[in-house]
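Once you have looked at the hints, place chain D on chain R.
Protein chains: 2
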Amino acid sequence: MDKKPFKGFAFVDGGVCAAEGFISGGICCGLKHQALTESAEETAKAVPDTAPKKNDLAMIYAEVPCTAAAMYTTNKVQGAPIAVTKAHIEDGKAQAVIVNSVNANTCNADGVQKAEMMCKAAADALGLRPEDVIVASTGVIGQPLPIEPIVNAAPALAKSLSREGNTAAVNAIMTTDTVPKEVAVSFEIGGKTCKLGGMLKGSGMIHPNMATTLTFLTTDCAIGAALLKQALREVVFVTLNRVSVDGDTSTNDMVCVLANGKAGNAPIEAEGEDYETFKDALYAVLMNLARMMARDGEGATKLIECLCDGAEDDRTAEIVAKSVITSSLFKAAIFGEDANWGRVLCAVGYAPADFDIHRVGVTLGSKKGTIEVCRNGAGVPFSEETAKEILGEEEILVHVTIGTGAGSAVAWGCDLTYDYVRINGDYRS
Amino acid sequence: MDKKPFKGFAFVDGGVCAAEGFISGGICCGLKHQALTESAEETAKAVPDTAPKKNDLAMIYAEVPCTAAAMYTTNKVQGAPIAVTKAHIEDGKAQAVIVNSVNANTCNADGVQKAEMMCKAAADALGLRPEDVIVASTGVIGQPLPIEPIVNAAPALAKSLSREGNTAAVNAIMTTDTVPKEVAVSFEIGGKTCKLGGMLKGSGMIHPNMATTLTFLTTDCAIGAALLKQALREVVFVTLNRVSVDGDTSTNDMVCVLANGKAGNAPIEAEGEDYETFKDALYAVLMNLARMMARDGEGATKLIECLCDGAEDDRTAEIVAKSVITSSLFKAAIFGEDANWGRVLCAVGYAPADFDIHRVGVTLGSKKGTIEVCRNGAGVPFSEETAKEILGEEEILVHVTIGTGAGSAVAWGCDLTYDYVRINGDYRS
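Protein sequences appear in the order of chains R and D. Take any residue in the first sequence, count from 1 to its spot, add 232: that is its number in this note's numbering. Take any residue in the second sequence, count from 1 to its spot, add 232: that is its number in this note's numbering.
Hints should not be assumed to be uniformly reliable.
Heads up, the list lumps identical chains together, so a pair's fine if it works in one copy or across two of them.
Claimed, not checked - As a list, the in silico SDA-like pairs of lysine to any residue whose alpha-carbon atoms are at most 25 angstroms apart:
| # | residue 1 | residue 2 |
| --- | --- | --- |
| 1 | 308 | 551 |
| 2 | 600 | 457 |
| 3 | 308 | 614 |
| 4 | 325 | 469 |
| 5 | 236 | 616 |
| 6 | 308 | 541 |
| 7 | 308 | 604 |
| 8 | 424 | 496 |
| 9 | 318 | 586 |
| 10 | 308 | 639 |
| 11 | 308 | 584 |
| 12 | 325 | 304 |
It is worth saying that the hints were derived from the structure and are not from the lab. If you're wondering where the values come from, they're calculated on a predicted model, not measured in any experiment.
Same shape as in the complex, but just chain R (with noise of 0.2 angstroms):
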């Protein structure tokens, strides 16, 4: 999937390690063999045991002190290093990151201890003090996490961290993600050059609230710890809380950024034209990244990209289009590449929004081109053809007006296939 332009930034590589000062990596330690996001027979079938295994261990280190900025799920289930990487970073500080696949370490009695431990390991590989470290896991909620092959595989992780080691970091936080997501950009502030970039995963249990998936951004930008907070706060609310791949806010929902000043621009301490360049930065990154999780959502063959506007608020044309591309019905439809533009209009019904119905519009469209199939709330003739063909495409555009404000929001999902329920009909076995 091609990324996403936003304002003339340019995209450049390298993901988590775009930005000046910092270097990463990712190993196998050994989690995997306890358990496989399918079953035993089909695992091994599919992977021959000569196949390089997948990592599940990834480090982040700054070579200095970063501020940092957090958002975590709103689930009252929390992962436990959710608490202990908000107590971390309490005073806005943070200089590395230690991040497991495989088991979410959530739901058990000594998973703060464990958590703790994870920093304490990483912190000791790469001479920091326990508290300057973000920790995060991903996987099966539930199960003992297993310690001692994160504990054992630290030292020789940190050893390996180079400026080349995003893609082993991003191979490392995948869990049912079909293909890794890093996205990075690079913008002036100031007359420096600053460069932000990006890791995430998806790709099961997505409808991020308040914030969203395992999310690492780092950058060389330097900016003040609280306005790095409100940007991130800014921009989550409208790139990965607009995401949903099946409706399910997970319980070990993380976004944090690390920025460490190394572009040597004069320190952004106040909004104005430089936080806002800022922002627009942060927002090209994670909306293409939120795109990329819909688009790998789990068993996803299609990203369903639905704009509403023509809303009385932009409140209502975000509860408009992420119902919409919340229905399972109509993410259904998307996959069978049938226009059933009637699931369109009943999740737009649905929604508990306020707004007058009969002056509701639909549009299908994609590069192949655009149909109008609703007008005032009801059907209007259409070639099923045309619409298949434009259907056919990877990429559709569901485009709601609402034909009453100037509101608008976009939102971001995936159809449903056979391959969600094969994914999730046997994920812990």
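Then chain D, alone, in the frame of chain R:
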């Protein structure tokens, strides 16, 4: 699936014809030729031309005028029949029902006109005024309803009505339903034997809110229109509104009840013992229809019943129970017979209600027994073998205890399967 007993009410046969003074019937008027539930190819394979066609038009007639009450979908998009039915039973009276499947008569410019033509066709054939007729439609949204086949078939359908016509009638309202759904009970009011029965259709776009999918109830009990409406409302809230198949609240949901007073009891005109008995009978019927609807959800292989208790109030318990049965991830796990209780706790955690997650407990059960899987928000060891055996059954009970109060609620759902995707990936073709 066995009916679930309630307070010793005796189940009787006859569905909408169980109560004295009601006759019904169903016919294939030819709407089936316009839109099939699966691809023409699949249908040709599954149903050889010699097979009898499924009915698509049903009628219910009461020998005498009835008090009547109804509830409707809260979706802003509402099928044209809903507007017409609302107007017709505003006076609390009705004497007949006409209903078609295949086409929902929704989002069509001429929808109201055609719904009125359906009422007139039924009225003419039955010797009634159109205002005495309740009309409903279910099927594809946004395709013009062919009215001729309905108008042409109405006289023959009216002539065919009988006390045994409930089987033909329930067949006519089925869409993706795989089994007919009828329940009736017998009870006593003031020494007189009363009966109350009904039929219901699912099985997709099922996430009722305030009313649900098409449901038709008849009773020979004498009861005033105001109390009939009140009883319907109270019972629907704890039965049909507690079901979700796919999270999609339909545009055509409707439940209506006709009471003709033939049982000869002193009319129920005030709250009291008789009213409570009537309400219990209504509960026994609607609770079983709700369970049948969930079990026959599109593609479903299992019924999931979630009981939440120990909550601060019933509303909190309802929010939690509905969150669990709506979770796509948990539904897929149940299809895979996988005791992935972390997904239950995740859904409990993101339910929009206020409680202490650290006191929550979860057990999984079926005919084969019960196992505790989570206590005080953390996992407890259990035998995977026993869990597999329990989850191998057709009816799965998830019991969530909040541990802080006396509020409780039950909700019903079903597993998420390959067949759900197959059915909805190509519904219109």
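Evaluation of the provided hints:
Proximity of residue 308 to residue 551 under the C-alpha cut-off of 25 angstroms is found in both arrangements, the shortest distances being 22 angstroms within a copy and 14 angstroms between copies. Taking CA atoms no more than 25 angstroms apart as the test, residue 600 paired with residue 457 passes in neither setting, with 45 angstroms inside one copy and 56 angstroms between copies. Taking the shortest alpha-carbon separations for residue 308 and residue 614, only the inter-copy value of 24 angstroms comes in at or below 25 angstroms, while the best intra-copy value is 46 angstroms. Proximity of residue 325 and residue 469 under a CA criterion of 25 angstroms is satisfied intra-copy only: 23 angstroms inside one chain copy versus 50 angstroms between copies.
In the homo-oligomer, the alpha carbons of residue 236 and residue 616 never lie at most 25 angstroms apart, since the shortest distance is 29 angstroms inside one protomer and 46 angstroms across protomers. Within a single copy, residue 308 and residue 541 get their C-alpha atoms only as close as 32 angstroms, which misses the 25 angstroms cut-off; across copies the closest is 18 angstroms, which meets it. Taking the shortest alpha-carbon separations for residue 308 and residue 604, only the inter-copy value of 21 angstroms comes in at or below 25 angstroms, while the best intra-copy value is 42 angstroms. Proximity of residue 424 and residue 496 under a CA criterion of 25 angstroms is satisfied intra-copy only: 7 angstroms inside one chain copy versus 90 angstroms between copies.
In this homomeric assembly, residue 318 and residue 586 come within 25 angstroms of each other (Cα to Cα) only across copies, at 22 angstroms, whereas the closest approach inside a single copy is 37 angstroms. Taking the closest pair of Cα atoms, residue 308 and residue 639 come within 25 angstroms of each other only across two copies (19 angstroms); inside a single copy the shortest separation is 31 angstroms, beyond that limit. In the homo-oligomer, the alpha carbons of residue 308 and residue 584 lie at most 25 angstroms apart both inside one protomer (23 angstroms) and across protomers (10 angstroms), since each shortest distance falls under that limit. Within a single copy, residue 325 and residue 304 get their C-alpha atoms as close as 16 angstroms, which meets the 25 angstroms cut-off; across copies the closest is 55 angstroms, which misses it.
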